[in-house]
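Chains as they are written, first to last, in this note's numbering: chain A, 110 to 303; chain B, 110 to 303; chain C, 110 to 303; chain D, 110 to 303; chain E, 110 to 303; chain F, 110 to 303.
In short, the hints are calculated from the structure, not lab data.
A virtual CB, placed ideally from N, CA and C, is assigned to each residue, including glycine.
Keep in mind that a hint or two might mislead.
Claimed, not checked - Subject to a maximum C-alpha distance of 35 Å in a straight line, what follows is the list of computed DSBU-like cross-link-like pairs (lysine-lysine):
no.: 1; chain 1: A; residue 1: Lys165; chain 2: B; residue 2: Lys279
no.: 2; chain 1: A; residue 1: Lys240; chain 2: B; residue 2: Lys240
no.: 3; chain 1: C; residue 1: Lys240; chain 2: E; residue 2: Lys165
no.: 4; chain 1: D; residue 1: Lys165; chain 2: F; residue 2: Lys240
no.: 5; chain 1: D; residue 1: Lys165; chain 2: F; residue 2: Lys165
no.: 6; chain 1: C; residue 1: Lys239; chain 2: E; residue 2: Lys239
Unchecked claim - Footprint (simulated), chain D over chain C, 3 or more residues, beta carbon under 8 Å:
no.: 7; segment: 197-210
no.: 8; segment: 229-239
no.: 9; segment: 253-265
There are 6 protein chains.
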Amino acid sequence: MKMTDQLSELSELPDTAQTSGTVQDEAQTKHWKEKQPGFTHFDSNGNALMVDVSEKADTVREALATGSIQVSDEVYQAVASGKVKKGDVLSIAAAAGIMGAKRTSELIPMCHILPLTGCRVWFEMEPQQKKIRCFCEVKITGKTGVEMEALTGVSTALLTIYDMCKAMDKSMEIGEIYLRRKTGGRSGEVLNHH
Amino acid sequence: MKMTDQLSELSELPDTAQTSGTVQDEAQTKHWKEKQPGFTHFDSNGNALMVDVSEKADTVREALATGSIQVSDEVYQAVASGKVKKGDVLSIAAAAGIMGAKRTSELIPMCHILPLTGCRVWFEMEPQQKKIRCFCEVKITGKTGVEMEALTGVSTALLTIYDMCKAMDKSMEIGEIYLRRKTGGRSGEVLNHH
Amino acid sequence: MKMTDQLSELSELPDTAQTSGTVQDEAQTKHWKEKQPGFTHFDSNGNALMVDVSEKADTVREALATGSIQVSDEVYQAVASGKVKKGDVLSIAAAAGIMGAKRTSELIPMCHILPLTGCRVWFEMEPQQKKIRCFCEVKITGKTGVEMEALTGVSTALLTIYDMCKAMDKSMEIGEIYLRRKTGGRSGEVLNHH
Amino acid sequence: MKMTDQLSELSELPDTAQTSGTVQDEAQTKHWKEKQPGFTHFDSNGNALMVDVSEKADTVREALATGSIQVSDEVYQAVASGKVKKGDVLSIAAAAGIMGAKRTSELIPMCHILPLTGCRVWFEMEPQQKKIRCFCEVKITGKTGVEMEALTGVSTALLTIYDMCKAMDKSMEIGEIYLRRKTGGRSGEVLNHH
Amino acid sequence: MKMTDQLSELSELPDTAQTSGTVQDEAQTKHWKEKQPGFTHFDSNGNALMVDVSEKADTVREALATGSIQVSDEVYQAVASGKVKKGDVLSIAAAAGIMGAKRTSELIPMCHILPLTGCRVWFEMEPQQKKIRCFCEVKITGKTGVEMEALTGVSTALLTIYDMCKAMDKSMEIGEIYLRRKTGGRSGEVLNHH
Amino acid sequence: MKMTDQLSELSELPDTAQTSGTVQDEAQTKHWKEKQPGFTHFDSNGNALMVDVSEKADTVREALATGSIQVSDEVYQAVASGKVKKGDVLSIAAAAGIMGAKRTSELIPMCHILPLTGCRVWFEMEPQQKKIRCFCEVKITGKTGVEMEALTGVSTALLTIYDMCKAMDKSMEIGEIYLRRKTGGRSGEVLNHH
């Protein structure tokens, strides 16, 4: 912020802040409201912040994210057969995806801690393209959305498949990770189909 | 439980006798060696495992992973301008990527805990394609490779960019995540260029 | 979400080997409802999931779990005397138990993240049996119960006692871990006494 | 829970050295109420506990904490110039502070898991004293306050500055960490200015 | 460090109520050596500590721990059938056990951070007793043993089974958790069979 | 890796806005060596990094950090009496400090994951100043120092005291946190006494 603002703002702080001194009130209130054009995760001074959602209502929110991993024939067959043989890559990857979704707020600096009310991960095999497609659906009754949780769940599940198959193939590629559907909250429903 | 029960019970195991003599030694050693065709993360009974690397030598190993995020014009400009303005999305994403790489073993079930000796994350802006490309390079002196750490670092950094820009664009796509280079260890050097 | 929304959304999914067309639509919509007989943590396709509790009411819930560790005379005396001497094993074990209860959702794949509203751990010395019995009581105002938190608190506290005493005795046994009492929620009150 | 339930349930407990019969019933029922004079984090038996806040109302609560790091001229100039040069220590420290605030309940044994609704960290440069002053403001709508989160955010941000500058100066000192302001909750507003 | 250094350094400490002058010097220098009878996790002042193993040699160490969960007929059948049906409780429990073993140092206050070189979890079904027995084997090349990791892996795996089956049975009991075998390190081989 | 490898590998990189052709090759190869004046945690492009210590020797390293908390008379008496009464604030704070030291690499973005070989926390009561002084000593045999671990241990222990006493006093101040002694490694011995 401009030094002058800061000095005036600071000279107010002693018996502080937040409550007395209009100059500072503005300074403070601007902090949480006014943002850089486009960004919600920086205040007017460019300080990164976890967006204040204190006033937002608790509503039911859902997000569905997707992503895929492109693998070799050998890997594809090995994973596909896992469903019938012992040693199921996908059930471990699904568990890892759900656990990853729960840890989103630890991984993504500005994400809120969200007590998810539901999460599931599932896969679809695409034999033609030799792809394994992952879906992660997350639900919450809360003040902010769960799209980052769904995207993190997908990423973690796909990385887990990569890890368990990398001895067979070191050129796998993870991609097509995006938000498929989002409902609840101010922004209403979002539907993507890439 | 009673010894007799156990012996009888154990003798049911596919040639394993847990408690007695050479029979068990074989059973045990097979557990860690013999795998399902292709898989290194399952033993001969289909139990997932963290691969035993106790006997492997400590060597210097490196991995470089890459990935990208496709964004809108608006996001691209906002992020690109961050380098000169206050509020730098990429410096926070780089920090998140490094922190994510350090937590790989918590996220990926069968990954070893690896005391990384170096990690860095950097980005390249691709104005034509409106992509931000991320690179994560990880080093270790250890018994096993760090490709999962590099891939996790890339994924976390890209998810962080997504999070900080999602108010502007809900159709961003993360992709092209793969291992670019790997050196050290038995498998020697690996080079990919997708 | 409204069924119709999901059906329309899902019908956009590309056909795949595993699920295709309307068959899948049904499979998908059933995911959160219909379970394998007995299991609540698998959907109708056998995918593990974190159970959806979005619709459940926030009620006050409590759980009390117990467990014990059987130790040698030497350990028993050393721990018992800790209360009066400097170096109190049990106060550290109690703290570890409370911290462990708070981390249940990180350890148990399908557990919800629950902002516990209260947790305490205490011990009872059983001189005849040379046992230290642990209790962990957890409270929450939420949509799902806290029995896993109470059981994880007990397990972590007992493991901590084991760790701090293992130099004296390597044959200690942890056991008798079960849910003693559970109140609140649909299943009403549960009382066990093994 | 209803007192009578607890009494009946507890009276089933086997007699033990530490607690027996009705004496214990009382001890137990008093556990959550009566505390050692002054302490809220110990029950009447001296067992540490996470305070029971189940009955407390959800109110909007805020806390502002502050702290500083005293550095050398060289460090001060290097950090101050970071705002204009590439490589911004403070933006990484701010992100670390926010992430640290989110992990308070993992670090401080008796802290509740709190889904923070907002958090921001900012710095003020004090050229005369060669100090960097850190502020962390945390918000929540919940049953208990967030002063520990704010203090942990400040501590983590200052430690991060220390880490990134320690190659230049090994005699930096972190201090003046205290609660500047606290609003919401039973204790009403708290204002400190040291 | 050299003793003389420490003495000189410590003699600079301001006198204090708790420790003063040469008395303290001795107390300090004894800290890492002399322990309370029996305890290795407390210094001579009763301060808990993570035992100093800096001087110990890196050797290959293994630990095998076991434990069981007693379940109802219904649960036993449901879990046993999981191997052939979709939805495998045990493969998720095994993954959770391995992940839990990796997090031992976060859960058990005085445990060292150990970069495990191998870990696996497997189960044995005991149809007569309606028990599921869990084994966790951990390996490391390091300065201290991994029995706590093996015991934590077993506990986490059994808690995961409990969680996934608790809708069917709320009276399951986890027990018989002990160290089955330990090799490597000063204490040589340990074998238990309860 | 061999420079030539890297150059050839990097020259394959697509031209980009930020870096192109041989310019970038140099930029890349300089990344790990050349730093901004003073900073070790930024490369020549201003990207934060975890410093590469792969080539450094494993040596025994120690760090001793200190810090204090200024409390009220009431708090001071309550804490001091804890040593004799049940409910020991300091034993819990010491455990929290050790656990915090172990988690330094999760909290401080550019800190290495370090398998500490020893850690202890102790306190000194200063009756005149109504201060509780904390010390944390950390040891490792490794490639980089542990001063951040010692400082994080002190900070966490002091925050834990604050938390357990805050019901009595909301104006406590944590300060005087600095590195007291550091041995091992290139920088040799460091001794501070503020």
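Okay, the hints, checked on the actual structure:
1. A:Lys165 x B:Lys279: holds, 20 Å
2. A:Lys240 x B:Lys240: Answer holds: Lys240 of chain A to Lys240 of chain B is near 23 Å, not above 35 Å.
3. C:Lys240 x E:Lys165: Status holds; Cα separation ~33 Å.
4. D:Lys165 x F:Lys240: holds, 33 Å
5. D:Lys165 x F:Lys165: violated, 54 Å
6. C:Lys239 x E:Lys239: Given that 35 Å is the threshold and the Cα spacing comes to 28 Å, the pair holds.
7. 197-210: holds (count 5)
8. 229-239: holds (count 8)
9. 253-265: Violated: only 0 residues of the segment 253-265 of chain C have a Cβ under 8 Å from chain D.
The structure fails to meet hints 5, 9 from the earlier list, while all remaining hints are met.
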